[in-house]
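Residue numbers (the numbering used here), protein chains in the order written: chain Y, 1 to 101; chain D, 1 to 101.
No lab work stands behind these hints, which were simulated from the structure alone. Be aware that a few hints might be false.
Said to hold, decoys possible - For each label pair, taking beta carbons as the anchor points, the in silico distance ranges come out as: (1) D:E67 <-> Y:A41: 45 to 53 Å; (2) Y:E67 <-> D:A91: 33 to 41 Å; (3) D:S21 <-> Y:E12: 35 to 43 Å; (4) D:S17 <-> Y:H47: 32 to 40 Å; (5) Y:D40 <-> D:A91: 43 to 51 Å; (6) Y:D40 <-> D:H81: 44 to 52 Å; (7) D:G57 <-> Y:E9: 20 to 28 Å; (8) Y:A13 <-> D:P79: 29 to 37 Å; (9) D:D40 <-> Y:M1: 40 to 48 Å; (10) Y:A97 <-> D:L4: 14 to 22 Å; (11) D:S17 <-> Y:T87: 24 to 32 Å; (12) D:D44 <-> Y:R68: 38 to 46 Å; (13) D:H81 <-> Y:A80: 40 to 48 Å.
Stated by the list, open to error - Which stretches of chain D does chain Y cover? Using the computed rule of at least three CB atoms under 8 Å from a CB of chain Y, they are: (14) 23-32; (15) 43-53; (16) 59-73; (17) 78-89.
What the hints assert, rightly or not - Covered by chain D, according to a simulated footprint, are these stretches of chain Y (three or more residues, beta-carbon under 8 Å): (18) 23-33; (19) 41-54; (20) 62-74.
This structure is a prediction, so every number in the text was calculated from the model and none was measured. Note that the Cβ used here is the ideal one computed from N, Cα and C, for glycine as well.
What follows is each chain in one-letter form.
Protein chains: 2
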Amino acid sequence: MNLLDDVPEAAEAEIVSLLLSRPGVRIERIVSTGQVTPVDAPYDQDHDEWVLLLAGGAGLWVEGDGERTLRPGDAVLIPAHRRHRVTWTAAPTVWLAIHFG
Amino acid sequence: MNLLDDVPEAAEAEIVSLLLSRPGVRIERIVSTGQVTPVDAPYDQDHDEWVLLLAGGAGLWVEGDGERTLRPGDAVLIPAHRRHRVTWTAAPTVWLAIHFG
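Chain Y on its own, in the form it takes in the complex (with noise of 0.2 Å):
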């Protein structure tokens, strides 16, 4: 499996796919074309979350340290119950995505 192979420029939404799940560990490719969080609904998780940017660009806030622009190779840990948003993507962009717990 190729995570950078068909990965569409346009969609009306994220997509989602499962790549592995294990006890206390699921591992998802995440495709973004433009989409963003709205600003008014952060994500809110009641569990520990590592993103990797794998191709494109986006801009991430998270509560307590602002806003960052992610390039590919960038990784953040985003703890349960910090509040973050999405700010901007550019289409497409590749996530790499491991929810813990």
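Take the given structure of chain Y and dock chain D to it, following the hints.
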């Protein structure tokens, strides 16, 4: 942290960096600069491992599957006790390795 930064083009051995550890899962970055697994000493691990090639290129032999060429974006699940070897690596090659259990 950017996983593609600070990647040497030559080193005496593979450079393994622990990125994150949680119950049942360990995430590493591995930088290879030509190193291979000795033919007479394949890996034989007691846990599943999932690898994603981030940059460079490599050959991976897995018992029962034969040898394949990995390019950026390629991901492979190596089940526990499935013997495997890295047969060649470009310099530099960057891997994400996730060890389960």
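Of the numbered hints stated previously, which ones are contradicted by the structure, given in increasing order? Numbers 4, 9, 13, 17 - these are the hints that the structure violates, sorted from lowest upward.
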